[in-house]
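**Q** In order, the protein sequence lines correspond to chains G and W. Count along the first sequence from 1, then add 7; that gives the number in my numbering. Count along the second sequence from 1, then add 1477; that gives the number in my numbering.
Treat the hints with care, as some may be off.
Claimed, not checked - Derived, one-sided and incomplete: chain G residues facing chain W with beta-carbon distance under 7 Å:
#1 Arg89
#2 Gln92
#3 Met108
#4 Ala109
#5 Ser112
#6 Gln207
If you're looking for bench data, these hints aren't it; they were derived computationally from the structure. Every value quoted in this text rests on a predicted model; they were computed, and no experiment measured them. Backbone N, C-alpha and C fix where the C-beta goes; we use that ideal spot for every residue, glycine too.
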Amino acid sequence: MALLEVRNMTHWFGGLRAVHNYNLTIEKGQIRGLIGPNGAGKTTIFNLITGVYHPTEGTILLEGEDITHLEPNEIASRGLGRTFQNMRLWRYLTVLEHVKMARYSKLTYGLVGAFFGTAKREAEEKANTELAMELLDLVGAAQFADQLVTSLPYGIQRRVELARALATEPKVLFLDEPTAGMNPEELIQMMEIIRKVHDQIGMAIFLIEHRMKFVMELCETIQTLNFGEVIAEGTPEEIRNNPVVIEAYLGKEVEV
Amino acid sequence: MAFFLQNLVNALQWGSFYALIAIGYSMVYGVLFLFNFAHGDIFMVGAYIGFFVSTGLLALASTGVVALPEGVTLALVLVLTLIISMILNSFVGMLVERIGYRPLRNAPRASAAITGLMIGIILETGNLAILGPQRRLFPDLIPTQTITVAGVSITNKKMLIVGISILLTVALHQFVQRSKWGMAMRAMAYDYVVVPLMGIPVNTVALMTFGLGSALAAAGGILYGTAYPVLDPNMGILFGWKAFVAAILGGRGSILGAGVAGFLLGFIEIFVATIFPSTMRNLIAFSIIMIILTFRPHGFFGEPYSARLRL
Chain G
8 MALLEVRNMT HWFGGLRAVH NYNLTIEKGQ IRGLIGPNGA GKTTIFNLIT GVYHPTEGTI
68 LLEGEDITHL EPNEIASRGL GRTFQNMRLW RYLTVLEHVK MARYSKLTYG LVGAFFGTAK
128 REAEEKANTE LAMELLDLVG AAQFADQLVT SLPYGIQRRV ELARALATEP KVLFLDEPTA
188 GMNPEELIQM MEIIRKVHDQ IGMAIFLIEH RMKFVMELCE TIQTLNFGEV IAEGTPEEIR
248 NNPVVIEAYL GKEVEV
Chain W
1478 MAFFLQNLVN ALQWGSFYAL IAIGYSMVYG VLFLFNFAHG DIFMVGAYIG FFVSTGLLAL
1538 ASTGVVALPE GVTLALVLVL TLIISMILNS FVGMLVERIG YRPLRNAPRA SAAITGLMIG
1598 IILETGNLAI LGPQRRLFPD LIPTQTITVA GVSITNKKML IVGISILLTV ALHQFVQRSK
1658 WGMAMRAMAY DYVVVPLMGI PVNTVALMTF GLGSALAAAG GILYGTAYPV LDPNMGILFG
1718 WKAFVAAILG GRGSILGAGV AGFLLGFIEI FVATIFPSTM RNLIAFSIIM IILTFRPHGF
1778 FGEPYSARLR L
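Could you build the full structure based on these sequences and the hints that come with them?
**A** Structure representation (structure tokens):
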């Protein structure tokens, strides 16, 4: 049984077919990539799997369990964590609060604890803070724990976002363009961080990325999407030399 | 000096009611980006619930099931009335969210505002239809004792009202700052969309926001009833609007801001009334607030409107 399986997923936005007959299988610990030109439907696929939208047709199974129609918070607490193309951090919350917040579904103390600070709450909050600090340490952002995210450099904000996603204890981590807007140096650092996180925690990763160097180096297999359909799937080597992919990205060669 | 202090004490009590209502406005706005215009009427419902709960408890006590000294009985009735009514009124608030606002979560904000006004009218007229037009007399739960210090007379009632209001405000602030739900509320205020994807149930947080705001409004209603014991179905309208102004003045979404502004509004009104004829009280008080808002349009503790990130 695959860790995550998407079967024949199709989605319509009104009269527009954004995703057509999409299939995906991710095994434990695998890193897979999703590439494709702008508007191909990559983020829509992320949104469909993580429950922001519910697909018009198709089934999504996490560890054999049907999660197609669950609410996004239920899907997240079952083990799909994600980051966003435009980060979506919370202004006016500190770095540490971001990571702690993502552990909401793991905290079990009740209302009484919330108001009066029972021993259970104190213990849970303490453990939560420690775990959040470990994650921030893992992504190299621990020294910024008490700062507001808005005051941090872009590359660090990206790391905070990654730590926040990790805090949900994902079985599959969805990364939507984790290096968007980064300079080459930050890109190399991000790649190393993702490798490190993957080595230490060992979750599966599914990522959208435009930077070919990044995708080719990290991913075991890559899907190429165009107009909502998978037009090619294979190892980085196969994808690199696939004429259909080259055409989708660069356009068709024409004799002049 | 004694004159000033005397008015200060009065203003503190008057401001307490505004503070307790304004916090509910501000919390809901902060988390869900809508003004719950039914909130003044939720305050009214809270006062009525308090009336029925306290009358019931007093009737129960008079049957002699529990033999306690009268002072203890009254104190017990007050505490129980507060707790029970706050819980019951929080359900009223949650019902309003569930029925009135949740279906409009993604609708234009104007729709939600209109719904709020409608819910308010339904609560007022519903009360009138069910309970009839006669006013209710809130039972006196705090037998008045007056202490005079340096020419300023303070009643135990006033101290209790102000004390309970401040206590509740601080408790709520703590809750929002330090509990997981409070953090979820703050996170929701900044980005609605990402919150569920981090495993946080948005609907639960929304319900809780309404519940807490309504619980505080019920406390406000009961305390108001102990100070001004006549209840009528329209008592929430003017109070609601004034508390709404306090919420804006405090900065939308800020609990402490709403609390502080509630007290400030109390001060302005009371002091205006001591200097000018009382018919001019609202006119002058609200002119002052308009001037303040001209210079601080987003209130004392609020962020500029554009700072919020919405989908």
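**Q** Taking the closest Cβ pair, is G:Gln92 under 7 Å from chain W?
**A** violated, 12 Å
**Q** Does the interface hint hold: is G:Gln207 within less than 7 Å of chain W, judged Cβ to Cβ?
**A** G:Gln207 check fails; min Cβ-Cβ to chain W is 21 Å, beyond 7 Å.
**Q** G:Arg89 was flagged as interface toward chain W. Is the shortest Cβ-Cβ separation under 7 Å?
**A** holds, 6 Å
**Q** Regarding the hint that G:Met108 lies at the interface with chain W, is the smallest CB-CB distance below 7 Å?
**A** holds, 5 Å
**Q** Classify the hint on G:Ser112 as holds or violated, based on whether any CB of chain W lies nearer than 7 Å to its CB.
**A** Where the cut-off is 7 Å and the nearest Cβ of chain W is about 4 Å from G:Ser112, the hint holds.
**Q** When the nearest CB of chain W is found for G:Ala109, is that gap smaller than 7 Å?
**A** OK, holds: G:Ala109 within 7 Å of chain W, min 4 Å.
In summary, the structure is inconsistent with hints 2, 6 from the numbered list given earlier, while agreeing with the others.
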